[in-house]
Structures are given as structure tokens and as C-alpha cells.
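Student: Here is what each chain is made of, one letter per residue.
Number of protein chains: 2
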Amino acid sequence: MARVVVDVMLKPEILDPQGRAVQGALGRLGLDGVTDVRQGKHFVIDIDGDLEGERHDLMHRLADELLSNPVIESYEMRVLADGEDAS
Amino acid sequence: MARVVVDVMLKPEILDPQGRAVQGALGRLGLDGVTDVRQGKHFVIDIDGDLEGERHDLMHRLADELLSNPVIESYEMRVLADGEDAS
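If you read the protein sequences in the order shown, they are chains A and B. Each residue of the first sequence is one higher than the one before, starting from 3 at the first, in this note's numbering. Each residue of the second sequence is one higher than the one before, starting from 3 at the first, in this note's numbering.
The hints are simulated quantities; they were obtained by calculation from the structure and are not laboratory data. C-beta: ideal position from N, C-alpha, C; glycine also.
Simulated DEER-style distance windows between Cβ atoms:
(1) A:62 with B:58: 33 to 41 Å
(2) B:78 with A:62: 21 to 29 Å
(3) B:37 with A:29: 38 to 46 Å
(4) A:30 with B:82: 22 to 30 Å
Covered stretches of chain B, going by a simulated chain A footprint (3 or more residues, C-beta under 8 Å):
(5) 31-45
(6) 53-67
Make a model of the complete structure from these sequences and hints.
Tutor: Here it is in C-alpha cells:
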């Protein structure tokens, strides 16, 4: 079994109002010095068998086109080793 | 400067309809054998100075109570070393 983790974030040049709201809230709640907050999506995907070759390429394409919007978002994908933490 | 990454996921016993929808879509788009998908939130927080002692404890409390809803969600928090990847 393979566990795939995909993090999808707005591209740096895209305004992130949710992140900005969290940044303000962290400051109001007493955490000083927060210079930037970005909020994105975190997917944890469990797949039977190994994720190699064509399936790996397909997973990358789907991370780019299904899980993210390539116009405004970028993604990072990791295939975890057995027992590795998904965070 | 410290970079903090917080991943917030629904607890395992909580139904995740977004994850289920993604699971169905991955299958329809040709990726076989997807047994589970969970979708959560991914925060990348930049903070001036070190995150140690009381500030570290406060960041943990805010991750638990502001960034997540502790009734239905759990979080994992990491403080990245300089230059480490945020994914």
C-alpha cells in the first residue's frame, strides 16, 4: 500500500484572504511577529499496491488538474514510506 | 525566522465527504485502487525570531483552538529548519 500526501497552496503572487485573516487572529490572540500565513489544502490518499511508473505519472497529473487549479495553485506531492507520518 | 507548518485533518471517526468525492473522482479518472482519501487544511506560518518556550506553547494552543476545531479535527505541527521544504 502506498500513502500519497499532496499539499495544494495558492501561488505566492495570489492574494490569500483566509491566510491574511488567520494572520490577524494570531496577532490578536497574543502571538507576536507573525509575518505571513498561507492556507492551503492537505490531501492524504491511500492506494493499493505501489505507485510507480504510469500510475505515479497519473497521480501527478491528477494532483495538478483535479486536486489543484493550476492557474492559481501549485502542489507538492510525496509518496510516504510505510509507517511514515502523513503530516 | 521560524516557519511553522500545521496540518489540520478531520478525526478518523468523522465522515469526510470532500475526501470521499475526491476518491470517486480519482477512480473515474483512471487511478485504480484508491482505498481512502482524507482532505484537510495546510497552514504555512512565518514568524519573526525563534519559536521556543511560551511562544511555542501558545502556537500549539492556537493550532488546537484557532486553526482547528478540537471537537472534530486534530492537528500536527512542525517547526521547520531554515531552508527546509514546507510541504
